[in-house]
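Fit chain B to the known structure of chain A by using the hints.
2 protein chains.
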Amino acid sequence: MNVRLRLDIAYDGTNFAGWGKQPGLRTVQGVLEEALATVFQRHGEAPTLTVAGRTDAGVHAVGQVAHLDLSPEQAASLDERRGQSGAESLARRLNGIAGLSSDVVVTSSSIAPPGFDARFSGIWRRYEYRVEDATRPRNPLVRGYTLSYPAVLDESAMNAASTGLVGLHDWASYCKPREGGTTIRTLQEFTWQRQPDGVLLAHVKADAFCHSMVRSLVGACIAVGEAKLTAQDLIKLRDDEARTSAFKVAPAKGLTLVEVGYPPDEQLAARAEQTRARRDAVER
Amino acid sequence: MNVRLRLDIAYDGTNFAGWGKQPGLRTVQGVLEEALATVFQRHGEAPTLTVAGRTDAGVHAVGQVAHLDLSPEQAASLDERRGQSGAESLARRLNGIAGLSSDVVVTSSSIAPPGFDARFSGIWRRYEYRVEDATRPRNPLVRGYTLSYPAVLDESAMNAASTGLVGLHDWASYCKPREGGTTIRTLQEFTWQRQPDGVLLAHVKADAFCHSMVRSLVGACIAVGEAKLTAQDLIKLRDDEARTSAFKVAPAKGLTLVEVGYPPDEQLAARAEQTRARRDAVER
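Each protein sequence line maps, in turn, to chains A and B.
Mapped onto my numbering, the consecutive letters of the first sequence carry residue numbers 1 to 284.
Mapped onto my numbering, the consecutive letters of the second sequence carry residue numbers 1 to 284.
One or more hints might be untrue.
Said to hold, decoys possible - With a cut-off of at most 25 Å between alpha-carbon atoms, the simulated DMTMM-like pairs for lysine to aspartate or glutamate come out as follows:
| id | chain 1 | residue 1 | chain 2 | residue 2 |
| --- | --- | --- | --- | --- |
| 1 | A | Lys205 | A | Glu128 |
| 2 | A | Lys176 | A | Asp233 |
| 3 | B | Lys253 | A | Asp103 |
| 4 | A | Lys205 | B | Glu128 |
| 5 | B | Lys228 | B | Asp239 |
| 6 | A | Lys253 | B | Asp197 |
| 7 | A | Lys205 | A | Asp240 |
| 8 | B | Lys253 | B | Glu155 |
| 9 | A | Lys253 | B | Asp103 |
| 10 | B | Lys205 | A | Asp197 |
| 11 | B | Lys228 | B | Asp170 |
| 12 | A | Lys253 | A | Glu155 |
| 13 | A | Lys205 | A | Asp265 |
| 14 | B | Lys228 | B | Glu128 |
| 15 | B | Lys176 | B | Asp197 |
| 16 | B | Lys228 | B | Asp207 |
| 17 | B | Lys253 | A | Asp197 |
| 18 | A | Lys21 | A | Glu128 |
No lab work stands behind these hints, which were simulated from the structure alone.
So here's chain A without its partners, still in its complex pose (with noise of 0.2 Å):
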């Protein structure tokens, strides 16, 4: 029988053209996978990787997660060693492999738990955005994930703004429209918080979120924040449900995927199958 193994992954989007696998471009998928046919050189198929959140080109993660499947005899070609089993250290094999340069880590690999699927058993995603606005000089040393903007941001009317959009709603108006996608989702947090180095922290978490979903939200609060438009005009836009140009889609150098959510391990059937059944049901 097949061993399905979960993966922790780190990494810095500056250099990726995103997550998914595209021919010719360098994507975190790619040197991932590429990194596996290393290790399974001489076992057969080499494994795929199916992804929580596809990142697209320039957003980072800290918190990503993806799985894969080795048959028996790759599980068996995964040496115990120093303490950790077969599957702990493929995290370690990976991230020796001299295509998995100091951009992406591995931060774990472990048996996933039954019926764990990366994708559709997650029942959150959590992101960060973090902004320098003219209120201080902006640090170099930061400035590979962190947006810096030319103007003083109100940081109280933005979280205002951010706090007042949370809930079960139809996301037509914050995002890229995707052919048969749907767009409902639930938003369950989005604040703004300016942290002791003057940065502008948004924490952003919803079951699942659209195409450019954080980013239109992100554009929309930096346009209240330089009061461009009030958090009244976000809700009206959100209710219009059509896709709009009243703000930027902010870039998404600012964008981290912190964690994913997956319930307890006893639900982790359930929720796949859950997920699966809702998503044809929309698709079809």
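Here is chain B on its own, set in the frame of chain A:
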């Protein structure tokens, strides 16, 4: 009469061959003096910079300080704008010049108080050093300014060793010697603490540092963190006052100049005199 300005400067040292100008190499001083030459191109000889802490290749700064002297004509050429004095506007002008790319920022410019000398008026320099050890997976987002160390380090042992070193001593064992320079310094603070994100953070403060002193001190503490040396060894090595190979000098990438301390304005000139006199006495 000439007008002296103080510049506060932040930079990511990764792509610089250090602060000090060197022919054919990209240095922070070189890039900034070129930008100054552009700003004052129609107003006589380009100003040069005197810096508080000459950083080595790869070392970062968030609180570097430098001064420059403007001729009356140069000073008069700086416009007041948007409620900023001419002196204050220089930072904006410099940051707007293409040569000043995203890895260096003039965080402020102002008229220096009488007697101010960025180098000789300074009474202390404070550095931070950041290490990720094998306690947790590394975070690729901070790799530009954090050393990744492949062993687990004992932060209490490191902190005990570092705090045991402070005081007025001859640091010859912890410096690259320079012809005619003194290696007597007062190490005022040296602590290690593990941050909530798992990073080991060193605070190091002294009246001044000799060449490669912070990185040697850090390297010695890492050896203690790995139980290769003891706190007593570090004191003994210091008191031997001779260059040693008992530990490795830590890499530049983890090191950041955080702050330079100056006395109250009325003591600036006296302090500069005193530092210059002491230096002359030693160097003669």
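Original post:
Which hints, by number, does the structure contradict?
Top reply: 4, 15 and 16
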